[in-house]
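Here are the chains, one letter per residue:
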Amino acid sequence: MDPHIQHLYEMLSKVQGYIFPNELDLQWGILIVVYPFITGLVAGAFILASLERVFNVKELKPTYQIALLTALSFLLVATLPLISHLSQPQRAYEIMITPHSSSAMAIFGFVYLWYLMVVLLLEIWFDYRESMVVWSNSNKGIMKWVYRILTLGLSDISPETVRWDKRLGYFITIIGIPSAFILHGYVGFIFGSIKANPWWSTPLMPIIFLFSAMVSGIALVMFIFMVISYIRKQPIEMKVLDTIGRYLFFILILDFTLEGLDQIHRIYESDESFEIIKLLVSGKLYLTLFISQGLFGTLIPLIILAFLQFYRRAISIRKTLYLVVSILVLIGVYSMRWNVVIGGQLFSKSFSGFTSFKLGLIGLDGTLMALFWLLLPIGILAFLLWLLPPWKMVERKE
Amino acid sequence: MEYEKVKPSRRKFLKSAALIAGTAIGFKSLNSSRYLLFAAEPNDKNLPWYGIVIDIEKCIGCGKCAKSCKIENDVPQEPFFFRTWVEQYTVKNDGSVNIMSPNGGIDGFEQQVPDGEIFKSFFVPKMCNHCSKSPCSQVCPVGATFESPEGVVLIDEKYCIGCRYCVQACPYGCRFIHPVKKVANKCTFCYHRLKKNLDPVCMEVCPTGARMYGNLKDRNSKIVKFLKEHTTQVLRPHLNTGSKLYYNALHSEVK
Chain W
522 MDPHIQHLYE MLSKVQGYIF PNELDLQWGI LIVVYPFITG LVAGAFILAS
572 LERVFNVKEL KPTYQIALLT ALSFLLVATL PLISHLSQPQ RAYEIMITPH
622 SSSAMAIFGF VYLWYLMVVL LLEIWFDYRE SMVVWSNSNK GIMKWVYRIL
672 TLGLSDISPE TVRWDKRLGY FITIIGIPSA FILHGYVGFI FGSIKANPWW
722 STPLMPIIFL FSAMVSGIAL VMFIFMVISY IRKQPIEMKV LDTIGRYLFF
772 ILILDFTLEG LDQIHRIYES DESFEIIKLL VSGKLYLTLF ISQGLFGTLI
822 PLIILAFLQF YRRAISIRKT LYLVVSILVL IGVYSMRWNV VIGGQLFSKS
872 FSGFTSFKLG LIGLDGTLMA LFWLLLPIGI LAFLLWLLPP WKMVERKE
Chain E
442 MEYEKVKPSR RKFLKSAALI AGTAIGFKSL NSSRYLLFAA EPNDKNLPWY
492 GIVIDIEKCI GCGKCAKSCK IENDVPQEPF FFRTWVEQYT VKNDGSVNIM
542 SPNGGIDGFE QQVPDGEIFK SFFVPKMCNH CSKSPCSQVC PVGATFESPE
592 GVVLIDEKYC IGCRYCVQAC PYGCRFIHPV KKVANKCTFC YHRLKKNLDP
642 VCMEVCPTGA RMYGNLKDRN SKIVKFLKEH TTQVLRPHLN TGSKLYYNAL
692 HSEVK
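Residue numbers (our numbering), protein chains in the order written: chain W, 522 to 919; chain E, 442 to 696.
Treat the hints as calculated values from the structure; they're not laboratory data. Quick caveat: nothing in here was measured; it's all calculated off a predicted structure. Ideal placement from N, C-alpha and C gives every residue a C-beta, glycine not left out. One or more hints might be untrue.
Said to hold, decoys possible - Heads up, simulated EDC-like pairs for lysine to aspartate or glutamate below, C-alpha to C-alpha not over 20 Å straight-line:
| no. | chain 1 | residue 1 | chain 2 | residue 2 |
| --- | --- | --- | --- | --- |
| 1 | E | Lys599 | W | Asp886 |
| 2 | W | Lys535 | E | Glu519 |
| 3 | E | Lys622 | W | Glu615 |
| 4 | E | Lys623 | W | Asp886 |
| 5 | E | Lys623 | W | Glu615 |
What the hints assert, rightly or not - Reference excerpt, derived from the structure (chain E facing chain W, CB under 7 Å, subset only):
| no. | residue |
| --- | --- |
| 6 | Val516 |
| 7 | Gly545 |
| 8 | Pro612 |
| 9 | Lys623 |
| 10 | Asn638 |
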């Protein structure tokens, strides 16, 4: 018997209450959990980078390039779990050449390409061009040519040209901020616009996705910054950590408030779906919603971050706490994606019962594959940091 | 006092030109809201615009419709893939509702609630509602799901990329991913039969005539007459899906 059919027969015994017969087959698995998580990291990391550039937050300078390269590494992978999830992946290009104008999903390719080609790649290129020219001149052999190709042959590094690089880079960052908002707000819209599903259908969804994206991206850059400093045996600048921590604290408060508002609104309105959703959150989602997302992913980090706002003594304790916070927040946002994507499919649209989700280990839709998609960007980032080390960039006095 | 007649200046001309142009662009962009609002309309005068009536009072829960549909349309036999199925609702004396649809009703039903506890019980056949503002067509990223000129929601199997967004978007649970073809699948209203002037198979086999269909545009058709004489309701009216499947004697417990 086909393993999928066998799996469905297994699931049949786990149905609670009544579900429509077609609902037993849960359509979106862990890959669709990973996808908004990854795009969220991209948008969040980019917004953190923009803080330095546009709003001139000087303390964040050491994280600027790291944040940009992190965003690029994750963006390069973002589509892969999506495409591998399609049951006809060889037709994926149709979404680009014959997009359906009324479909929210159809815009994906364009939002993605805009963000990758126009925003991230250009911004990084303008930022690194001068350094790449210098590296190309100082290197020998193949690396000389690699850098020369990367500069696209534009090797003019006169002060006037470099000033233009900076100006254009700044301009792209300004375009980039709304683009990052669109990129992830849009992912939220994909879920928020499904009126058939009361767990998803809320106009707050894009905003919640956006703020949780910022939270996760900032936490990731914080984590990566600490790891890189550790690997490079460089002392971590506490000023940088404290600044990232402060932003993380404020945005986490906003994120928590928005998600709280969504739930309070849901409870107070208590429409036809209220009873089934109450059962959902107190049953199948209890662990991932209240414990993983709420307690470990939000409340504990909030308390620690609040504490760190005035606790300024032992550096080692602060470092450890920041490390713990960044990991907890990442787990929390991942759980949030899980609760949205999987949670929204566990209850029947008849509002009368639940289906079940069993996560496999192997296979295209299994844990290992999801882990691979989450780790691949880290590998790409390591490569990019080796190719374009931010700490070896040419510094020019203004 | 003497007034000087104001000549229409160039500025005024430009102003009104800009106003007209602005209004035109405004209307144009209003029109573009069609990209966001998805609605099919009966545009072809020569073609019917199909609607369906299911009379709950007539359904005896024999499951012939679900069985014949699977045979006619090559729907996988496993009990998780249905283009149409029958639900049995049993409302107990304490107000709780027991819903079941074992194998979509194909093998018949066995009442599990003891007679003494039953307040009322009835059958509800389900199938694609062939909505005119169908959420599934709206979300399809490549337009593989579309509405035929007769108002039948269809899928182009050679075009579907299998993203499953339509399955999520259907509030009625009428779609599934075909386990062999690996594309979205649903009731086609037996379009292949309609084109040969045959009735959809579920309508043909129903022994009590609980299912009926017809041309909603034709004021003299049987279905329009039925809709005029009976109090009917669509499922989930608040979702504004433009459902064209009307239920007669629909109980409030039905979701």
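Verification of the supplied hints:
Annotation: proposed proximity of Lys599 (chain E) to Asp886 (chain W) is violated, straight-line Cα distance about 24 Å (limit 20 Å). With a C-alpha separation of about 17 Å, the suggested pair Lys535 (chain W) and Glu519 (chain E) falls inside the 20 Å cut-off, and the hint holds. The straight-line distance between the Cα atoms of Lys622 (chain E) and Glu615 (chain W) is roughly 18 Å, inside the 20 Å bound, and the hint therefore holds. The straight-line distance between the Cα atoms of Lys623 (chain E) and Asp886 (chain W) is roughly 15 Å, inside the 20 Å bound, and the hint therefore holds.
Proximity of Lys623 (chain E) to Glu615 (chain W) is assessed by CA-CA distance (about 16 Å); at most 20 Å being required, the pair is judged to hold. Taken as an interface hint, Val516 (chain E) does not check out: its beta carbon lies about 11 Å from the nearest beta carbon of chain W, beyond 7 Å. At its closest, the beta carbon of Gly545 (chain E) sits 5 Å from a beta carbon of chain W; the interface hint therefore holds under the 7 Å criterion. Using the Cβ-Cβ criterion of 7 Å, the hint placing Pro612 (chain E) at the interface with chain W is satisfied: the shortest such distance is roughly 4 Å.
With its C-beta approaching chain W no nearer than about 4 Å, Lys623 (chain E) sits inside the 7 Å limit, and its interface hint holds. At about 30 Å, the closest approach between the beta carbon of Asn638 (chain E) and any beta carbon in chain W exceeds 7 Å, and the interface hint on this residue is violated.
Hint compliance for this structure: hints 1, 6 and 10 are broken, all remaining hints hold.
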